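Given the coordinates of chain A, assemble chain B onto it according to the supplied hints.
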Amino acid sequence: MTEELHDVRLVVNGTPHEVRVPARRLLSDALRHDLGLTGTHVGCEHGVCGACTILMDGRPVRACLVLAVSAVDTELTTVEGLAEPDGSLSPVQQAFKECHGLQCGFCTPGFLTTVTAGLRDNPTPTHEECRDMVAGNLCRCTGYQNIVKAVERAAEIIGERA
Amino acid sequence: MKPPAFEYVAAESEEQALELKDRYGDDARFLAGGQSLVPLLSMRLASPSTLVDINGLPDLDAVTVASDGVRVGALARHADVLAHVEARRVQPLLAMALAHVAHATIRNRGTTVGSIVHADAAAEMPMVLTLLGGSVEAASVRGTRTIPAPELFLGPLESSLAHDEVATTAFFPALAPGAGVAFDEIARRHGDYALCGVAALVDGDTVRAGFVSVSDVPTVVDLSGVADEDLGEAALAALDPAEDIHASAAYRSQLVRVLTTRVVRAARDHASDRASDRASDRARGTA
Chain A
1 MTEELHDVRL VVNGTPHEVR VPARRLLSDA LRHDLGLTGT HVGCEHGVCG ACTILMDGRP
61 VRACLVLAVS AVDTELTTVE GLAEPDGSLS PVQQAFKECH GLQCGFCTPG FLTTVTAGLR
121 DNPTPTHEEC RDMVAGNLCR CTGYQNIVKA VERAAEIIGE RA
Chain B
1 MKPPAFEYVA AESEEQALEL KDRYGDDARF LAGGQSLVPL LSMRLASPST LVDINGLPDL
61 DAVTVASDGV RVGALARHAD VLAHVEARRV QPLLAMALAH VAHATIRNRG TTVGSIVHAD
121 AAAEMPMVLT LLGGSVEAAS VRGTRTIPAP ELFLGPLESS LAHDEVATTA FFPALAPGAG
181 VAFDEIARRH GDYALCGVAA LVDGDTVRAG FVSVSDVPTV VDLSGVADED LGEAALAALD
241 PAEDIHASAA YRSQLVRVLT TRVVRAARDH ASDRASDRAS DRARGTA
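Protein sequence lines correspond, in order, to chains A and B.
Each residue of the first sequence is one higher than the one before, starting from 1 at the first, in this note's numbering.
Each residue of the second sequence is one higher than the one before, starting from 1 at the first, in this note's numbering.
Only chain A is shown next, with the shape it has when bound in the complex (with noise of 0.2 Å):
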């Protein structure tokens, strides 16, 4: 039996792609396999460890947890998306290389979407908010001290180029 395909259009960063795919492929598949956007990593594929996260429509979603066919006509926000025009690193990026926030990397690519969304809605959060901010998020390596205060520093460096 021959699985039957569709063809889907996904935006991803601003561009547009057309990609054939069973109904059956996870966004996070799709983005990896069918597009060569490898930023997006994919750790339990049942949304529990939030290394897939991206943005659709600018808020953080699992794309895990999404499918592919289910994502036409959304705006999708990769890892690979969030440079500043001219290459350098975002805010959230430099918070991160600054206050050691990775260390194998892994997780890194869910935490710089979803911490990227949540100090867009609250640039000004207290310590408890920067906590809960990245509570959907599991990292193995750091113990979450530096990537808590990676937060923190994203937003003051938010605060200073703005």
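Hint data in this document are derived by calculation from the structure and do not stem from the laboratory.
Check each hint, because a few of them may be wrong.
[Stated by the list, open to error] Covered stretches of chain A, going by a simulated chain B footprint (3 or more residues, C-beta under 8 Å):
hint : stretch
1    : 21 to 35
2    : 59 to 69
3    : 146 to 159
All values reported here derive from a predicted model rather than from experimental measurement.
Even glycine gets a Cβ: it sits at the ideal position worked out from N, Cα and C.
Below, chain B without anything else, positioned relative to chain A:
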């Protein structure tokens, strides 16, 4: 961890979605937020022949607030219900509980109605609907009907929706003027499944509490007239905390004791805060 193959239809109208469900019955599943369904597919715990995606249907994402309560459409995301200021005013328990539903990232996609019909006794919203005496509107090619919450939840992950039905709206009744509500839960991390969660509704002498993760179906216990020091034991008499990898039955029972007392008191405080707010509003109005 990849879903099995299925036919996919992006529904273009509610009629088309209902016809497909009528034709395929239990072999067809509706896809709204997918935050429970997609993991079930990936883990191959569900293998429907057809997935009917309702995300493109118009108007189903509405959150409608009236004086009698809040109506939440099948495509309204948890995040949108949580952020709805009028919904929070008419029924404060909605936002109190929604803040504990998964993590913000999941709430951005997951739907409140989907969570309700998923009928997980470890989820907050089925219990909230039951405690408040809410209901669900179900539609099929045969017509529509209203299912009161106590008749909706039959067992773990089992609702009374018929094989050809879809839930289109959940109705959460408004909080009565003199009443108060509160919610609290204990989880390993904020946003994880609760080891135990409790909501309370206090209205005059009536005290009711709803429980998460300590029974097979969303359970509401009438605690009217129970002395504060006996609240926990009275609640436990109606519950069946089970042991799992996250907590022993004894620990869950202890959480029931502690949280029930704490949450009932908080709901009482909420009722008196609302009463004094109203009194000061009236005073301002007549000054």
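Inset, instruction - List in ascending order the numbers of the hints, as given earlier, that are violated by the structure. - result: The structure breaks only hint 3.
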